[in-house]
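> Given only the sequences and the hints, what does the whole structure look like? Please build it.
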Amino acid sequence: MSEENGPGDLERDGSGRFQKRPESADPQRPSADDDMHPVAKALFGWVGLPGVGRMIFWGLAALSLVLILLDFGMSRHDKVETANATGFYGIYGFLAFAFVVLAGWPLGRLLRRDENYYGDQDEPADGGRERG
Amino acid sequence: MAFLLTVNPGLILIAAGCLAAFLPFRLARQVLAVGAPLVALAILLNADQRVDLSVVSALGLDLVLFRVDSLSFIFGLAFLIAAFLNAIYALHQDDRIQDGSALIYAGAAVAATFAGDLMTLFIFWELTAVSSVFLILRAGTTAAHGAAMRYLAIQILSGVLMLDGAAYYLKANGTMALEAFESLQDPGALLIFAAFGIKAAFPLLHNWLQDSYPKATVTGAVVLSAFTTKLAVYALARMFPGEDTLIWIGAVMTVFPVFFAVIENDLRKVLAYSLNNQVGFMVCAIGVGTPLAMNGAAAHAFCHIIYKALLFMSMGAVLYRTGTTKATELGGLYKSMPWTALFCLIGAASISAFPLFSGFVAKSLTISAVAEAQLFIVWGMLLFASAGVLEHSGIKIPYFAFFGHDSGKRVKEAPFNMLLAMGMAAFICIFVGLPTMASGGGYGWLYRMLPYPQEALAYQPFTAEHILTQMQLLVLAAFAFVLLKRIGAYPPEKRGLILDFDWSYRKAGYNAALWAGAVWSKTGPAMTATFTGMYKRAYGRLEAAFSPEGVLARGRLSGGMAIWTAALLGVVLLLSFISAS
Chain V
0 MSEENGPGDL
10 ERDGSGRFQK
20 RPESADPQRP
30 SADDDMHPVA
40 KALFGWVGLP
50 GVGRMIFWGL
60 AALSLVLILL
70 DFGMSRHDKV
80 ETANATGFYG
90 IYGFLAFAFV
100 VLAGWPLGRL
110 LRRDENYYGD
120 QDEPADGGRE
130 RG
Chain R
0 MAFLLTVNPG
10 LILIAAGCLA
20 AFLPFRLARQ
30 VLAVGAPLVA
40 LAILLNADQR
50 VDLSVVSALG
60 LDLVLFRVDS
70 LSFIFGLAFL
80 IAAFLNAIYA
90 LHQDDRIQDG
100 SALIYAGAAV
110 AATFAGDLMT
120 LFIFWELTAV
130 SSVFLILRAG
140 TTAAHGAAMR
150 YLAIQILSGV
160 LMLDGAAYYL
170 KANGTMALEA
180 FESLQDPGAL
190 LIFAAFGIKA
200 AFPLLHNWLQ
210 DSYPKATVTG
220 AVVLSAFTTK
230 LAVYALARMF
240 PGEDTLIWIG
250 AVMTVFPVFF
260 AVIENDLRKV
270 LAYSLNNQVG
280 FMVCAIGVGT
290 PLAMNGAAAH
300 AFCHIIYKAL
310 LFMSMGAVLY
320 RTGTTKATEL
330 GGLYKSMPWT
340 ALFCLIGAAS
350 ISAFPLFSGF
360 VAKSLTISAV
370 AEAQLFIVWG
380 MLLFASAGVL
390 EHSGIKIPYF
400 AFFGHDSGKR
410 VKEAPFNMLL
420 AMGMAAFICI
430 FVGLPTMASG
440 GGYGWLYRML
450 PYPQEALAYQ
460 PFTAEHILTQ
470 MQLLVLAAFA
480 FVLLKRIGAY
490 PPEKRGLILD
500 FDWSYRKAGY
510 NAALWAGAVW
520 SKTGPAMTAT
530 FTGMYKRAYG
540 RLEAAFSPEG
550 VLARGRLSGG
560 MAIWTAALLG
570 VVLLLSFISA
580 S
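These protein sequence lines are chains V and R, in that order.
So in numbering that gives the first Met the number 0, spot 89 of the first sequence is number 88, and the numbers just go up one at a time.
So in numbering that gives the first Met the number 0, spot 342 of the second sequence is number 341, and the numbers just go up one at a time.
Don't read these hints as lab results, they were simulated from the structure.
This structure is a prediction, so every number in the text was calculated from the model and none was measured.
Warning: the hint list may mix true and false statements.
Restricting the straight-line Cα-Cα distance to at most 25 Å, the calculated cross-link-like pairs of lysine to any residue (SDA-like) are [unchecked claim]:
(1) R:325 with V:101
(2) R:411 with V:44
(3) R:411 with V:48
(4) R:493 with V:111
(5) R:484 with V:50
(6) R:484 with V:78
(7) R:411 with V:46
(8) V:40 with R:419
(9) R:493 with V:98
(10) V:78 with R:373
Derived Cβ-Cβ restraints for the label pairs, each shown as a range [to be verified]:
(11) R:14 with V:76: 52 to 60 Å
(12) V:44 with R:243: 50 to 58 Å
(13) V:57 with R:95: 54 to 62 Å
(14) V:61 with R:373: 34 to 42 Å
(15) R:533 with V:108: 49 to 57 Å
(16) R:429 with V:56: 26 to 34 Å
(17) R:419 with V:76: 38 to 46 Å
Just so you know, even glycine gets a beta-carbon here, dropped at the ideal spot from N, CA and C.
This is the structure we're talking about:
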């Protein structure tokens, strides 16, 4: 099967697209799960630490609070009158974001179809050309 | 050398592209791809502004091939930087067609930007469509093939509308010079507006973008993201500044893609929706049309071209290494692609307009201009869309690709040339976003090149008030993300296709056409049979009456003749009698 699929290290995915073979194993390094790119350890090593999720959550909560408290000490002169209310931007951002995300539930149910809905996903590339 | 300075820089790229498309030597193509944008940049930086640098007469029209002013300069500059970055990003690939196509396409966009008349604009406008389609086709899938054909049809339609509008324009004005329309009622204005609207992906005309870009090749999507829509933005800024309709079109454009982006699984398609949303800001600013707003549109276009390319580059690298950009199959890639992850985060911070990143200094101009114009509802929509950008481009893209649930995929880091291109783009994102520095860097560097530099430099993006409000918007929105994630209210990524307006022609329209075909295949023969029967009967009757064997030929010839002659004479007499009286 794979010999017919394409030249070199290319193969086809489910939609017939030529692609490089997923390089699931880098021969240079053992494939142990905790083995990370050295740069990844330096830059993002903290991401995998236990309790980071909770720290980000509470950190953002604290930062949000600080930003709103700072707003009390500042008299703003926005062109839009309503926007001068304390914490307007923060509350607006929070609500807008939450609305967009929560709208994803009904919208997904309404609009999501099978990946091959238009019937162009399963055939290999040349199929179309031969027929065309 | 002096001659070279009068050549439209786009033509240099086009010539290099034509050559590259036929050159079998990879190294030569690489030199062309990287070198041509640099030569073009040198020409642009030395070009005199507000002068027709190159004029050709053809078909009785004076074609102004090269004319630079402050508006076209900033767009052309962004295009050339993008062409250069794209060339570096594509260095690992050995594909004549894509190399040539990318260069010609970029060249066409640059040439169109510096066109001094509608006809020249039209020629390069069409060339962008024809040359770029190969970047989609070369992905090689049936889906890409279909998308490429739809893309081509829609883009060519845009060109045809524009040519039609240009004809009206020429008839009414006697010139093809690129002048702003007074209103949409001007001759040809509506046609040209529609042509620009298609390319700018106005709402309901937008589907070609989400359809084709995610199906393009790894490098193709990066190249495509820079030019077509921003060329349309430039054209709108050139010919429709201050057109009120654009305010609302732009505002709607910023809001609606946000909802599609949140449920879309293919991250390159999320970026395509995000592109739509960003172009909406520019379109809205052009509609407002004040110097501040026009500066906003131009600055936003410049920054957007770079950070959107950066985001597409990072997703391209992911696609190149893992073979997919579906959120459901990705996650945890920061462990093996940390540089790509870092550059993606810089792009995400830029597009979300975090202070110290380029989006902040660009988007602020537009939002301030809208507020100054007292357009409060539009202002609210843009603010809403800003939170939406943070959702899909700021958080969703990096989170689902590089963090989030670990997919277990351990791949190689992106090739060095890709990292280099991403690094350069990331550098520009930060360089432009910083406060003005004594060395000439910072946002002042960008503001000085805007269409109205004095107004731009009078504007202060880095006020305590502005930084605080922007941080409030972004941080509380980000807090909404972690909160919704924590309580499980964030919709999980699911495989699937999200229906959009293109359903109307890809499903409903297509099925209607199939149905009409089926109906016709039945009614056609039936109608033919009916008509044939009628002919036969009519002919049979005529033959029975008039043929040599017919009724009238029987009996004496003179008798029949005499009767008919008398009858005709009577009719003539009657007619002359009526007409005389």
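> Each hint needs a verdict: does it hold in this structure or not?
Hints, verified against the model:
Distance hint between residue 325 of chain R and residue 101 of chain V is fulfilled; the C-alpha atoms sit about 21 Å from each other, no more than 25 Å. About 18 Å separates the Cα atoms of residue 411 of chain R and residue 44 of chain V, which keeps this hinted pair within 25 Å; it holds. For the hint pairing residue 411 of chain R with residue 48 of chain V, the CA-to-CA distance comes to about 23 Å; that is within 25 Å, so the pair holds. Straight-line distance between C-alpha atoms of residue 493 of chain R and residue 111 of chain V comes to about 9 Å, which keeps the hinted pair within the 25 Å bound.
For the suggested pair residue 484 of chain R and residue 50 of chain V, the alpha carbons sit about 15 Å apart, so the restraint of at most 25 Å is met. Between residue 484 of chain R and residue 78 of chain V, the direct Cα distance comes to roughly 35 Å. Violation of the 25 Å bound is thereby established for this hinted pair. For the hint pairing residue 411 of chain R with residue 46 of chain V, the CA-to-CA distance comes to about 20 Å; that is within 25 Å, so the pair holds. Under the criterion of a C-alpha separation no larger than 25 Å, the hint pairing residue 40 of chain V with residue 419 of chain R is consistent with the structure, at around 21 Å.
Taken as a hint, the residue 493 of chain R and residue 98 of chain V pair is honoured in the structure, with Cα atoms around 19 Å apart against an allowance of 25 Å. Between the alpha carbons of residue 78 of chain V and residue 373 of chain R the distance comes to roughly 8 Å, so the proposed pair stays at or under 25 Å and holds. Take residue 14 of chain R and residue 76 of chain V: their Cβ atoms lie about 54 Å apart, and the range 52 to 60 Å holds. Our hint of 50 to 58 Å for residue 44 of chain V and residue 243 of chain R holds, since their Cβ atoms are close to 53 Å apart.
Range check, residue 57 of chain V to residue 95 of chain R: Cβ separation about 55 Å, and the 54 to 62 Å hint holds. Restraint check, residue 61 of chain V to residue 373 of chain R: a C-beta distance of roughly 36 Å satisfies the suggested window 34 to 42 Å. As the Cβ distance of residue 533 of chain R to residue 108 of chain V is approximately 56 Å, the hint placing it in 49 to 57 Å holds. For the pair residue 429 of chain R and residue 56 of chain V, the beta carbons lie near 28 Å from each other, so the given range of 26 to 34 Å is met.
Range check, residue 419 of chain R to residue 76 of chain V: about 45 Å between beta-carbon atoms, so the 38 to 46 Å window is met.
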